[in-house]
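Using the sequences and the hints given, assemble the complete structure.
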Amino acid sequence: MLTDVFGRSGESALVDRLRGRKDALSFVAAVDDQIVGHAIFHSVNVVEAPRPIVASALGLLAVHPTRRSMGTGSRLVNHGLAECRVAGAGLVFVLGAAAFYQRHGFVPAGPRGFRCRWRVPEGSLLVVEVVPGELAGGQGIVGYPREYDDE
Numbered sequence: 001m002l003t004d005v006f007g008r009s010g011e012s013a014l015v016d017r018l019r020g021r022k023d024a025l026s027f028v029a030a031v032d033d034q035i036v037g038h039a040i041f042h043s044v045n046v047v048e049a050p051r052p053i054v055a056s057a058l059g060l061l062a063v064h065p066t067r068r069s070m071g072t073g074s075r076l077v078n079h080g081l082a083e084c085r086v087a088g089a090g091l092v093f094v095l096g097a098a099a100f101y102q103r104h105g106f107v108p109a110g111p112r113g114f115r116c117r118w119r120v121p122e123g124s125l126l127v128v129e130v131v132p133g134e135l136a137g138g139q140g141i142v143g144y145p146r147e148y149d150d151e
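Residue numbering for the sequence shown follows the numbering used here, beginning at 1 and increasing consecutively.
Just so you know, the hints here were simulated from the structure itself, not pulled from any lab data.
Backbone N, C-alpha and C fix where the C-beta goes; we use that ideal spot for every residue, glycine too.
Hints are supplied without guarantee of correctness; some may be wrong.
[To be verified] Here are the computed distance ranges between Cβ atoms for each label pair:
| no. | residue 1 | residue 2 | range |
| --- | --- | --- | --- |
| 1 | P111 | D32 | 36 to 46 Å |
| 2 | R21 | E48 | 16 to 26 Å |
| 3 | Q34 | G110 | 15 to 25 Å |
| 4 | D33 | P121 | 19 to 29 Å |
| 5 | F27 | P65 | 12 to 22 Å |
| 6 | V28 | A136 | 27 to 37 Å |
| 7 | P108 | R68 | 18 to 28 Å |
| 8 | R19 | V86 | 18 to 28 Å |
| 9 | N45 | A136 | 31 to 41 Å |
Structure follows, in structure tokens:
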């Protein structure tokens with residue numbers, strides 16, 4: 001399904017690597033026993049922060065082209081955010097399309113003092129509080145795990 005969504009196999013390989021993490025939270029959406037959506041969340045390190053920050057990231061969200069604009073992705077994101085909170089994260093980051101993720105409470109991370117360890121397009125690193133107040137006084141460099149280094 002991931003190859004259908006992204007048109008290449010790199011994302012599928014990344015998901016396989018991320019699934020091997022003990023902290024991975026992986027969710028699927030299915031219709032008639034067919035997987036039509038997938039989301040995977042994992043912890044990230046926030047370094048050079050003035051205080052300890054427990055954070056996760058939405059590593060990848062995929063919805064089959066035939067199921068887009070039907071709420072599948074939104075349900076996966078909302079469920080994952082709730083599960084990240086239960087797992088102890090205060091913030092969740094994502095690298096992605098602001099227009100979609102802002103509907104789920106994500107805001108640009110840069111103006112809040114966060115940046116990615118990689119050079120990314122301005123406005124593509126977003127963050128959402130899953131515990132109210134966690135953005136206050138936060139800042140730092142978001143370090144995605146080594147599984148991304150194989151990309």
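Exercise for review: Compare the structure with the hints numbered earlier in the document and write down the numbers of the violated ones, lowest to highest.
Suggested key: 3, 4 and 9
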